[in-house]
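Protein chains: 2
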Amino acid sequence: MLKISRLVLNGDHLLYFIGLGISEKGLSIEALEILRRVDTVFLELYTSIIPDFKLDWLENMLGRKIRVVDREDLEERGGEDILREAKVADVALLTPGDPFIATTHIVLRIEAERRNIKTRIIHSSSIITAAFSSCGLQVYKMGRIVTITIPEPKVGYRPITPYLVLKENLERGLHTLFLLEIRAESGEFLTIPKALELLEDMDRRVGEESIVDDNTLVVGLARVGTPNEYIAAGSLSELKDIEFGPPPYSLIIPGVLHPIEEEALTTLFDCKLEVIEGWRERVKSVLKNT
Amino acid sequence: MLKISRLVLNGDHLLYFIGLGISEKGLSIEALEILRRVDTVFLELYTSIIPDFKLDWLENMLGRKIRVVDREDLEERGGEDILREAKVADVALLTPGDPFIATTHIVLRIEAERRNIKTRIIHSSSIITAAFSSCGLQVYKMGRIVTITIPEPKVGYRPITPYLVLKENLERGLHTLFLLEIRAESGEFLTIPKALELLEDMDRRVGEESIVDDNTLVVGLARVGTPNEYIAAGSLSELKDIEFGPPPYSLIIPGVLHPIEEEALTTLFDCKLEVIEGWRERVKSVLKNT
Chain Z
1 MLKISRLVLN GDHLLYFIGL GISEKGLSIE ALEILRRVDT VFLELYTSII
51 PDFKLDWLEN MLGRKIRVVD REDLEERGGE DILREAKVAD VALLTPGDPF
101 IATTHIVLRI EAERRNIKTR IIHSSSIITA AFSSCGLQVY KMGRIVTITI
151 PEPKVGYRPI TPYLVLKENL ERGLHTLFLL EIRAESGEFL TIPKALELLE
201 DMDRRVGEES IVDDNTLVVG LARVGTPNEY IAAGSLSELK DIEFGPPPYS
251 LIIPGVLHPI EEEALTTLFD CKLEVIEGWR ERVKSVLKNT
Chain U
1 MLKISRLVLN GDHLLYFIGL GISEKGLSIE ALEILRRVDT VFLELYTSII
51 PDFKLDWLEN MLGRKIRVVD REDLEERGGE DILREAKVAD VALLTPGDPF
101 IATTHIVLRI EAERRNIKTR IIHSSSIITA AFSSCGLQVY KMGRIVTITI
151 PEPKVGYRPI TPYLVLKENL ERGLHTLFLL EIRAESGEFL TIPKALELLE
201 DMDRRVGEES IVDDNTLVVG LARVGTPNEY IAAGSLSELK DIEFGPPPYS
251 LIIPGVLHPI EEEALTTLFD CKLEVIEGWR ERVKSVLKNT
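These protein sequences, in sequence, are chains Z and U.
Under my numbering, the residue at position 290 of the first sequence is numbered 290, and the numbers go up by one with no gaps.
Under my numbering, the residue at position 178 of the second sequence is numbered 178, and the numbers go up by one with no gaps.
Repeated chains share a single entry, so a pair holds when one copy, or any two copies, can fit it.
Below, in silico cross-link-like pairs of lysine-lysine (BS3-like), each with a Cα-Cα straight-line distance of 27 angstroms or less: (1) K272 x K118; (2) K141 x K194; (3) K194 x K240; (4) K194 x K154.
Read the hints as simulated data drawn from the structure, not as lab findings.
All chains, full assembly: derive it from the sequences and hints.
And the structure:
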């Protein structure tokens, strides 16, 4: 049965896109209020992993059942179930992080608005700002973001985009955030040491003056925003030997560092000063005078 | 009196940096739990504005008093009160958005860790991802972020950095997010029309082939993430005539648009196709072959 809300009285229904954030209890107070009020709650967990997130915890918190949707529901069937429901009732779709980082969801939003279903977004934390926040690097110096994907040796396709993005960012002195692919459905994920190896391999294949080698300054981040967050900063060869624990992971290769950013890396993560100093010289040689 | 918590029993205290997010009830469930448990809660609201956020609402929610700190406390006195308290008790500092977007707070975190006070960050929504999320543009195509500051005619200093950042981003086909300065203490803020005027003026002063003029495609965003969010997409001349209501504001000038991003702008915000088409040609001429 539909609740008689202001929205229903207006004859309009809302489809809410609600971010679950990056940690177990990352939902906002506003999101919680909406989730208790809407008629149906859908949830997808295939675009990313939220460590320790449990569906029953959320169902208990809300005092209601949640309908889990998978890639097929959203991408092949175009979220038709959600759209049909949203035509006659208030509906929420929960997604990891801040909504619309995955392109799938924006297609659903466009289709909803085409069908005269009003939409609203309830934001939450995202790895994109949290990665910088958590390791003390300035988000204002973030360059283009890029994902390193799980290699497909059978396909023989070995992309070098992550390396090219890094190089472009460094030429402008900017930090590069690498997201490491997770296939939540099959439980596959790229580890930090493996991603570093892939970056080194890309560097070698391009065959220019080396940017990614044993002495490159790297920040490795695991489970950012959770109580078990683990961050390490040091040379690439140091980071290759670290056991980061379970995913999700990300990496930052810094550009030009402000003295306070250098202090953050040495004080918060015991990064060695000589690694920073070596990297400072390397970045100088890559910088383009624009 | 101190509560006997696990942390106190270990002899360690924690200083939590907690993000308030970008809307009235943007705090996460985890943040709420921590705020109810710690010994003292500090809050600063001078680095940004959260529309409709009310201190008494939060105090009622938490069932406790909050100590408001200002710029002087944090920047001139280096947050000494907070650090002293955190040495003997569990303390939280609340800040707008996701913590550490403002550089002040990272200095405080470094100093805390130097004094052997452990720190933890509780993330929340940030305008940086929310701006892209809310208007349907891909965050993966975000270039460097830049703030447009309130002009100081007496000083005679008219920075052109925002224009230069835009140009660099466009040469790579990337979107540029401009944050518009707010001085929360004095209530001064830069409006979207004024910011557009400043960008046009910068463009003229640089005197190269024009990027910012009446036909530039612009997305103007006001109060992102709140129930009164207002977003408009169109030509610069169209946006100059729009009344966006109260702050905070931001602007995006898109780079190369994916067809789905174009659809988002036309479907969600009635952006005219000819404005998008004109801009597409202009961006092509700025793109550098890298």
